[in-house]
Amino acid sequence: MGNDSDDLTAAMAQYIPEPRPGIEQRVLRHVRTAQKRRRRYWTLIPVLPLLVLLLLMLWPRPVPVVVRVTPTRTLPLVGQAVPPAHKRHHREKVQPFPTPAPLTEEEKALQALAASRPQEAQQLLAHEDDKPIEIPQLQIPPLQSDGGR
Amino acid sequence: MRDAARESLLVTRFESLVERQAKFVFRVAYAVLRNPEGAEDVVQETFLKLYRNRAWEGMENERAFLARVAWRIAVERIPRRGAELPELVSQDANPEDALLTSDWMGAVHRLVDALPEELRQVLALSGIEGLNSREIAEVAGIPEGTVRTRLQRARQLVKQKLESMGRSACGK
Numbered sequence: 256m257g258n259d260s261d262d263l264t265a266a267m268a269q270y271i272p273e274p275r276p277g278i279e280q281r282v283l284r285h286v287r288t289a290q291k292r293r294r295r296y297w298t299l300i301p302v303l304p305l306l307v308l309l310l311l312m313l314w315p316r317p318v319p320v321v322v323r324v325t326p327t328r329t330l331p332l333v334g335q336a337v338p339p340a341h342k343r344h345h346r347e348k349v350q351p352f353p354t355p356a357p358l359t360e361e362e363k364a365l366q367a368l369a370a371s372r373p374q375e376a377q378q379l380l381a382h383e384d385d386k387p388i389e390i391p392q393l394q395i396p397p398l399q400s401d402g403g404r
Numbered sequence: 488m489r490d491a492a493r494e495s496l497l498v499t500r501f502e503s504l505v506e507r508q509a510k511f512v513f514r515v516a517y518a519v520l521r522n523p524e525g526a527e528d529v530v531q532e533t534f535l536k537l538y539r540n541r542a543w544e545g546m547e548n549e550r551a552f553l554a555r556v557a558w559r560i561a562v563e564r565i566p567r568r569g570a571e572l573p574e575l576v577s578q579d580a581n582p583e584d585a586l587l588t589s590d591w592m593g594a595v596h597r598l599v600d601a602l603p604e605e606l607r608q609v610l611a612l613s614g615i616e617g618l619n620s621r622e623i624a625e626v627a628g629i630p631e632g633t634v635r636t637r638l639q640r641a642r643q644l645v646k647q648k649l650e651s652m653g654r655s656a657c658g659k
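Protein chains in written order, with my numbering: chain A, 256 to 404; chain B, 488 to 659.
Simulated from the structure, these hints should not be mistaken for lab results. Just so we're clear, the structure is a prediction, and the values are computed from it rather than from any experiment. Any given hint might turn out to be false.
Distance condition first, Cα-Cα at most 30 Å in a straight line; then the derived DSS-like pairs of lysine-lysine [said to hold, decoys possible]:
1) B:Lys536 with A:Lys291
2) A:Lys291 with B:Lys646
3) B:Lys510 with B:Lys536
4) B:Lys646 with B:Lys536
Interface residues of chain B toward chain A, partial, derived using beta-carbon atoms under 7 Å [said to hold, decoys possible]:
5) Ala509
6) Val595
7) Ser620
Beta carbons are placed, not taken as given, at the ideal position from N, Cα and C, and that holds for glycine.
Required output: the full structure, derived from the provided sequences and hints.
Shown next, in the form of structure tokens:
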């Protein structure tokens, strides 16, 4: 049994095993693959701004939503604060002017006359309009004094 | 055109370097990790790193330079790969039984595995051909004197253990 320095040195020379055969080829293949992958990424850099631009152009823009509000009569919710009377008055819908109203009997008769005899109706109305307005003479009595009381 | 020729020349030189030194780098990595798969990963990472930063073009002492790079990469992998380290004590036979069955070399390797890590690494590097104390000091980043002390201590411990095992083996 050799346990001197030479034997120990010889044993240490075999302490580390040999790598699997073909380590050189595997290393070179790994380096080439890594370099190719890296080169591929570099070629993407000039293309990247174009891609971003294209993406922005194709990106769907938000369409403005038109909301149609139909007036509905809503009842106040239970517990909801009711505004005071003077404020409520302002909120009531104002009727448009002139207020649509059914024709009166006279208006209907005039309408029928205008349809059947338009000239007579025109003369009648013109006569009515051209009639001078008679204003009675004003008489202002003098003020009566009570004698300096 | 000139650039392409230069690039081609560099690739050829690099391939030649890999052919020459891949096994050496593997040994350095194995001395740290004691794991063939991990050591091969270190070899690949070492050469890829060298190729990319082109530091290998101007290196003076090729082996020392490669050993230093591989050592650093391997040491960085120790905490992450700690769980993958092989058992320090063999399950099938202890050093004494190995000695009895004339497996003296295996017994020495198991004793080396059982050494403190700082002593084991220096002793393992000393087993790699071409690495002297000064180069080991450069690789491990410690003073040359410390390398010598650790080597002496490691050898002493292994010898003592072998002697005691030899006596007990003769006594059986």
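Hints versus structure:
1. Only pairs whose Cα atoms come within 30 Å are accepted, and B:Lys536 paired with A:Lys291 is accepted, the gap being roughly 15 Å.
2. Taking the CA atoms of A:Lys291 and B:Lys646, the gap is near 51 Å; set against the 30 Å cutoff, the hint is violated.
3. Proposed proximity of B:Lys510 and B:Lys536 is supported: the alpha carbons are some 17 Å apart, at most 30 Å.
4. In summary, the hint linking B:Lys646 to B:Lys536 is not supported, as the alpha carbons are separated by about 40 Å, beyond the 30 Å threshold.
5. About 5 Å separates the beta-carbon of B:Ala509 from the nearest beta-carbon of chain A, less than 7 Å, and the hint is met.
6. The beta carbon of B:Val595 comes within 4 Å of a beta carbon in chain A, closer than 7 Å, and the hint placing it at the interface holds.
7. The criterion of a C-beta within 7 Å of any C-beta in chain A is not met by B:Ser620, whose closest approach is roughly 14 Å, and the hint is violated.
Checked against the numbered hints above, the structure breaks hints 2, 4 and 7 and satisfies the rest.
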